[in-house]
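Okay, here's what each chain looks like letter by letter:
Number of protein chains: 2
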Amino acid sequence: MGKEITSRSQDYSQWYNDLVIRGGLADYSAVRGCMVIKPYGYALWEIMRDTMDRMFKETGHVNAYFPLFVPKSFLEKEEGHAEGFAKECAVVTHYRLKGDPDKKGRLMVDPDSKLEEELIIRPTSEAIIWNTYKTWIQSYRDLPLLVNQWCNVVRWEMRTRLFLRTAEFLWQEGHTAHSTSEEAREETLRMLGVYADFVENWMAVPVIKGVKTPNERFAGAVDTYCIEALMQDGKALQAGTSHFLGQNFAKAFDVQFLNKENKQEYVWATSWGVSTRLIGALIMAHSDDEGLILPPKIAPIQVVIVPIFKGADQKSLIDEKVKVLVKQLKSAGISVKYDNDDNSRPGWKFAEYELKGVPVRIAIGARDIENNSVEIARRDTKEKMSVSMDGLTDRIANLLEEIQLNMYKKALAYRESHITKADTWDDFVQLLNEKGGFVSAHWDGTGETEDKIKELTKATIRCIPLNNEQESGKCILTGKPSSQRVLFAQAY
Amino acid sequence: MGKEITSRSQDYSQWYNDLVIRGGLADYSAVRGCMVIKPYGYALWEIMRDTMDRMFKETGHVNAYFPLFVPKSFLEKEEGHAEGFAKECAVVTHYRLKGDPDKKGRLMVDPDSKLEEELIIRPTSEAIIWNTYKTWIQSYRDLPLLVNQWCNVVRWEMRTRLFLRTAEFLWQEGHTAHSTSEEAREETLRMLGVYADFVENWMAVPVIKGVKTPNERFAGAVDTYCIEALMQDGKALQAGTSHFLGQNFAKAFDVQFLNKENKQEYVWATSWGVSTRLIGALIMAHSDDEGLILPPKIAPIQVVIVPIFKGADQKSLIDEKVKVLVKQLKSAGISVKYDNDDNSRPGWKFAEYELKGVPVRIAIGARDIENNSVEIARRDTKEKMSVSMDGLTDRIANLLEEIQLNMYKKALAYRESHITKADTWDDFVQLLNEKGGFVSAHWDGTGETEDKIKELTKATIRCIPLNNEQESGKCILTGKPSSQRVLFAQAY
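Protein sequences, first through last, are from chains A and B. With my numbering applied, the first sequence covers 27 to 518. With my numbering applied, the second sequence covers 27 to 518.
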């Protein structure tokens, strides 16, 4: 078909790029490190965003919008936070351009427009939000404050990859304020649960919930919880994080509340976020050499119908039949596209919608109409079957559910077969280099060992799983005593 | 009630600010010129955004996302565009901070991170988008391209007002590409129509559709169409614009397509946008000294229910009754809030929801339950009535429709009585200074006269209405011949 998609086995990284670009999800832009999210990719993001937004609202959160700019002095206030983000900040220093006197038709930065204080493009919004919360929170009656924001953020990255790591990306960031530590920790875990629910049940990607080691913590957090997913090349991908911030930001921005005992107390905080990076996870967890494979629950097009005809008479006969079918499918809440474009041949269309990962394809020709049947093809297994038009809508609805489930099961089976225990350094290294996936091993609990292991194997501790089994053993590198295994992997 | 809202007659501008801040819509931020959109204001924006988004999709548009940054050299490419926006650009010059060696714990811009080319925070996205379209458009088959983007933009403003004029604001910008001038002009007017439909039928604000004079055109456009609304202080507000860009951007970015005759041709373009400024228009078109008055079709809360009780017994009786009512209202698609918070008295709540502009209030006490009745109060007319619980949902649904219509009619009557003809300079000045509103007068068609009139009266030509009546007359300032009246007003 001349689709020219690099195969996974040949070059995984190029395969990924081909899918993103050829599948119409995103493209590089003329601005270093920034991507253009194309209409098909954005439609996917809209469904993901709207679904999560509903989940956030169902758990009591409201949306708001805070400024794009963070004054430099705000970023400085929480020390760990400042250190963590200083190296990747886009900085606005001037607010005006003017005609360049030396170059006709060219513009230059007007030196007279220099800002007294530089503004950082938000890499995350804790600083600007906690400065605002100071005026919103006076008493325990103002708590909890459960706010979320959908926006763009900028983190200047040297090496970028579409969706996975770009200078600008879209995300949501929840920022909540609580009167007790317990309540804030509950919230942190609640939102981790919401993320896991979304990624597993909508994106059909199984995740491991866990807590990060101090080395991998969010800059400014007391504890960072995460969900970790496994990609088809055996690398892990952090799909979402939820941070228990303790009183760090409340202290940095002096946010206190009058408690029920009429005493001033610092507020307890959480923040949590997922981004367009999830689209990268989705692609790498499910797709194949023919293109994307999208789970029905978030596919922008769930069913595509392709007519197969010779001449205008056959076409109009099929058009008429399909019109009814489209109506039935839509009224069952199924998103459907009828592609009866004359300019492309059915074979080209088949390949195109495979590339775009549409879960179900229906082909219908003149003979099918005679037989009161259609041909159904599912994208996940590539199975084809001829089925009756009678009861087709129910059948399709069931098939979509089946595909959703099957995709999850397949990804889960892969993930389950890629969590391997290692008890010797040699095994550990070999597993990481050859089999990939998560390697469950003992670790002595120090950042130094973690750094050393990363240096030697490129693997990091992805997380300490929640409710981790306690088991005494010896650190895989140093042999020092350890009370539990942790999950190592090479990661995106 | 101690609400401390400044009255309109006392200080219109302060009244507006009080409503925005006290009504919980937005607040100033610590960043100069940027606002925080608070949860209630953002909920309103979400409804407005989602409604328009549906309308855009129904007219064949898809969403996408383009980078926040515009390289300086891109902005330079379209001369008029560059001139128009250069003076209000936030400029990113560096991409990293580092610890300040002279001040412990402080950050400074790392001079080694200076960008080779400065990046402008998008004030609008024509430049970055047309640079992208160059790669998307090859042949007439790629046209029309009907893309919209929801995003934040930054225009550095010296004097800012919440929603009306802020350095950063949220908006949508449609950017379409067409193979013919006619088709692009049709699109420009189609989207103007969509805006008018939304503002009139959802926001209940009547608008005048027209075309801008060359002085007031968008920088880079061939023609700028607009919808103009009238505020209660007699000032006009531009509520949305739709631009016919001709081939200006296609030529600046060299975007050509192969037409059906196999010849290269420059693409024809439109762009169109509305912003969070619409919220300012909404407030100033409808509200009163008690607070906001929101049209039911976009109100985040359409109905609020306030219980009036003494003691826990009465409360639980009312709670139970209301539970059923809430369910009925919700299943009729009505958004309802039951405020049975013990900490506030009914009188305080009444004032609070009046301030927040909730269209319908239902009060229910123990005696109401005995009588199988409730008290309904409508926000727009402040009318109260005791009505039976039987058929209450239908009654509320009808009432919401009636309020929506009544608000539009009221605003329309005000607008109609504030379009006044002036045929002498003295009348013209007096009308603008005393009565306000639109003044319909003859103009000699020159930018000089327009500038002079602005200087003398602060009034600008808001638009030349579409399908304007032709009528010969003499320019209100110069006495030179004129073929039609245009609409002047002082404006936001």
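A couple of the hints might just be wrong.
When chains are identical, the list treats them as one kind, so a pair holds in a single copy or across two.
[Unchecked claim] In silico SDA-like links for lysine to any residue, alpha-carbon gap of 20 Å or less:
no., residue 1, residue 2
1, Lys261, Ala423
2, Lys124, Leu141
3, Lys289, Lys500
4, Lys160, Ile73
5, Lys408, Pro507
6, Lys375, Gly106
7, Lys286, Asp76
8, Lys83, Ile360
9, Lys478, Ile234
10, Lys478, Gln516
11, Lys336, Arg421
12, Lys130, Asp367
13, Lys461, Ala423
14, Lys375, Arg185
15, Lys83, Gln175
16, Lys261, Glu378
17, Lys261, Ile234
18, Lys277, Gly462
These aren't lab readings, by the way, just hints derived from the structure by calculation.
Would you pick out the hints that fail for this structure and give their numbers low to high? Hints 1, 3, 4, 5, 6, 7, 9, 11, 12, 13, 14, 16 and 18 are the ones this structure does not satisfy, whereas the remaining hints hold.
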